[in-house]
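Asks: Sequence:
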Amino acid sequence: MLKIYVNTLKGFEEVTPERVKEYAGKYVVWFDLIDPDDEELELVSRLTGFRKPPKLEELELSSKYVEERDALEITLSFVIAKKEEILIEHVVFYIKEKFFVTFRYGDVPAISLFKLKVNEEKKFYQFPESLFAEILAIEVDRIGRKLEDLGRRIKNARKEMVEGRLEELVHELAFYDELTLTLRESVNEKLRIIAKCLKSPLVNAHTKKELKVTYEDLTTLLDYTAFYLEKIDSIQSSLLGLITIKQNEAVKVFTVLAAVFLPATLIASIFGMNFKHMPELSWKFGYPYSLFLMVSTTAVLLFWVRRKGWL
Numbered sequence: 116m117l118k119i120y121v122n123t124l125k126g127f128e129e130v131t132p133e134r135v136k137e138y139a140g141k142y143v144v145w146f147d148l149i150d151p152d153d154e155e156l157e158l159v160s161r162l163t164g165f166r167k168p169p170k171l172e173e174l175e176l177s178s179k180y181v182e183e184r185d186a187l188e189i190t191l192s193f194v195i196a197k198k199e200e201i202l203i204e205h206v207v208f209y210i211k212e213k214f215f216v217t218f219r220y221g222d223v224p225a226i227s228l229f230k231l232k233v234n235e236e237k238k239f240y241q242f243p244e245s246l247f248a249e250i251l252a253i254e255v256d257r258i259g260r261k262l263e264d265l266g267r268r269i270k271n272a273r274k275e276m277v278e279g280r281l282e283e284l285v286h287e288l289a290f291y292d293e294l295t296l297t298l299r300e301s302v303n304e305k306l307r308i309i310a311k312c313l314k315s316p317l318v319n320a321h322t323k324k325e326l327k328v329t330y331e332d333l334t335t336l337l338d339y340t341a342f343y344l345e346k347i348d349s350i351q352s353s354l355l356g357l358i359t360i361k362q363n364e365a366v367k368v369f370t371v372l373a374a375v376f377l378p379a380t381l382i383a384s385i386f387g388m389n390f391k392h393m394p395e396l397s398w399k400f401g402y403p404y405s406l407f408l409m410v411s412t413t414a415v416l417l418f419w420v421r422r423k424g425w426l
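Taking my numbering, the leading residue of the sequence shown gets 116, the next gets one more, and so forth.
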């Protein structure tokens, strides 16, 4: 799918490919490619010079920022957490003259929010890199909100541990750990990209100021991810200790019970040997006597174990 927007004083105006030439060079024209077909790619390539990238998830770090003589090509990952599932959506940004191209395979909340914001506030941009900076700022704000929510959930995890919901907590902490690491990788990626943009002659001075603010926000978020990883590790260590204690208690109970019933088992084994010269075999009270021995020894041992506090 291909959608073409022109950024005017009224926000974004969607136009047809035939009308692009009317606005080219005067306004920023945005080509939003979402899992496009070959015909749409050919059209955008002919108008802007954009080429379809290789598999986005296989791009090396050095290939995520490509600076040509008159164009920038940047690939960023956007973290999308849905319930207990973490998705990564990669987006390619192509910036050349007054053209701005985004290439992706699925919906990206930051881009949808950007469109709404521009149309509601009637925002007008003179440079295409300003659109990139705004989308990046929105995504950083989303990461910040995710981390705030994550912080609350980690805090509640300690309460759950005290309440004894250990099995559920193990799965929750594994998800929190994976989400924090994913967000940390995303923050690091954006820090590296912004650092390169700040050195680029293709990025105007005003946009660089905006990117510097975003860079500072990302640095703060990076500290938060480190702090949350430490908290998760601390809770996991405490949780492991509690699970070990509970397992030891269970083993102790079975060990004590085995010891308590050992004399009764021994008595039953002795009287069950059926040797020819065992006087108890022909004794009238042999059976109740053996039962009395087993019950009495077990009762005495149980009483002693309870006094010791082992059960």
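Where hints are given, some of them may not hold.
No farther apart than 20 Å at their CA atoms in a straight line, the calculated lysine-lysine pairs in the PhoX-like style are these [said to hold, decoys possible]:
| # | residue 1 | residue 2 |
| --- | --- | --- |
| 1 | 167 | 141 |
| 2 | 179 | 167 |
| 3 | 198 | 213 |
| 4 | 323 | 213 |
| 5 | 211 | 274 |
| 6 | 238 | 311 |
| 7 | 314 | 179 |
| 8 | 346 | 274 |
| 9 | 136 | 211 |
| 10 | 311 | 324 |
| 11 | 198 | 261 |
| 12 | 118 | 230 |
| 13 | 136 | 213 |
| 14 | 198 | 270 |
| 15 | 238 | 125 |
| 16 | 270 | 346 |
| 17 | 311 | 323 |
| 18 | 238 | 118 |
| 19 | 261 | 118 |
| 20 | 261 | 141 |
| 21 | 118 | 211 |
| 22 | 237 | 141 |
| 23 | 261 | 238 |
| 24 | 274 | 141 |
| 25 | 125 | 141 |
| 26 | 167 | 118 |
| 27 | 232 | 118 |
| 28 | 211 | 311 |
| 29 | 361 | 211 |
| 30 | 198 | 141 |
| 31 | 198 | 118 |
| 32 | 327 | 346 |
| 33 | 213 | 197 |
Read the hints as simulated data drawn from the structure, not as lab findings.
Asks: Next step is simple, just say for each hint if it's right about the structure.
Replies: Each hint tested on the structure:
1. Proposed proximity of residue 167 and residue 141 is contradicted: the alpha carbons are some 26 Å apart, above 20 Å.
2. Pair hint residue 179 plus residue 167 holds up; C-alpha atoms about 14 Å apart against a cutoff of 20 Å.
3. A distance of roughly 39 Å separates the Cα atoms of residue 198 and residue 213; the hinted pair therefore is violated under the 20 Å criterion.
4. For the suggested pair residue 323 and residue 213, the alpha carbons sit about 17 Å apart, so the restraint of at most 20 Å is met.
5. With a C-alpha separation of about 53 Å, the suggested pairing of residue 211 with residue 274 is violated against the 20 Å cut-off.
6. Simply put, residue 238 and residue 311 have alpha-carbon atoms about 26 Å apart, too far for the 20 Å limit, and the pair is violated.
7. A distance of roughly 16 Å separates the Cα atoms of residue 314 and residue 179; the hinted pair therefore holds under the 20 Å criterion.
8. For the proposed pair residue 346 and residue 274, the alpha carbon gap of about 14 Å is at most 20 Å, so the pair holds.
9. For the proposed pair residue 136 and residue 211, the alpha carbon gap of about 15 Å is at most 20 Å, so the pair holds.
10. Simply put, residue 311 and residue 324 have alpha-carbon atoms about 14 Å apart, close enough for the 20 Å limit, and the pair holds.
11. The suggested pairing of residue 198 with residue 261 holds, with an alpha-carbon distance near 12 Å, which does not exceed 20 Å.
12. Our distance criterion of 20 Å between C-alpha atoms is met by residue 118 and residue 230, whose separation comes to about 12 Å.
13. Straight-line distance between C-alpha atoms of residue 136 and residue 213 comes to about 12 Å, which keeps the hinted pair within the 20 Å bound.
14. Only pairs whose Cα atoms come within 20 Å are accepted, and residue 198 paired with residue 270 is accepted, the gap being roughly 18 Å.
15. Pair hint residue 238 plus residue 125 holds up; C-alpha atoms about 7 Å apart against a cutoff of 20 Å.
16. Between residue 270 and residue 346 the alpha-carbon distance is near 9 Å, which keeps this suggested pair within the 20 Å criterion.
17. For the proposed pair residue 311 and residue 323, the alpha carbon gap of about 11 Å is at most 20 Å, so the pair holds.
18. Between residue 238 and residue 118 the alpha-carbon distance is near 19 Å, which keeps this suggested pair within the 20 Å criterion.
19. Taken as a hint, the residue 261 and residue 118 pair is broken in the structure, with Cα atoms around 29 Å apart against an allowance of 20 Å.
20. Taken as a hint, the residue 261 and residue 141 pair is broken in the structure, with Cα atoms around 38 Å apart against an allowance of 20 Å.
21. Restraint check for residue 118 and residue 211: satisfied, since their Cα atoms lie roughly 18 Å apart, inside the 20 Å limit.
22. A hinted pair counts as satisfied when its Cα atoms are at most 20 Å apart, and residue 237 with residue 141 qualifies at roughly 17 Å.
23. This hinted pair does not check out: residue 261 and residue 238 have alpha carbons roughly 26 Å apart, beyond 20 Å.
24. A C-alpha spacing of about 58 Å is found between residue 274 and residue 141, which places the hinted pair above 20 Å, so the restraint is violated.
25. Of the supplied pair hints, the one linking residue 125 and residue 141 holds, its CA atoms being roughly 15 Å apart against a limit of 20 Å.
26. Taken as a hint, the residue 167 and residue 118 pair is honoured in the structure, with Cα atoms around 16 Å apart against an allowance of 20 Å.
27. For the hint linking residue 232 to residue 118, the alpha-carbon distance of about 17 Å falls within 20 Å, and the restraint holds.
28. A threshold of 20 Å between alpha carbons decides the hint, and for residue 211 with residue 311 the separation of about 17 Å falls inside it, so the pair holds.
29. Taking the CA atoms of residue 361 and residue 211, the gap is about 63 Å. The hint is violated against a cut of 20 Å.
30. Distance hint between residue 198 and residue 141 is unfulfilled; the C-alpha atoms sit about 44 Å from each other, more than 20 Å.
31. Annotation: proposed proximity of residue 198 to residue 118 is violated, straight-line Cα distance about 30 Å (limit 20 Å).
32. Between residue 327 and residue 346, the direct Cα distance comes to roughly 29 Å. Violation of the 20 Å bound is thereby established for this hinted pair.
33. Under the criterion of a C-alpha separation no larger than 20 Å, the hint pairing residue 213 with residue 197 is inconsistent with the structure, at around 35 Å.
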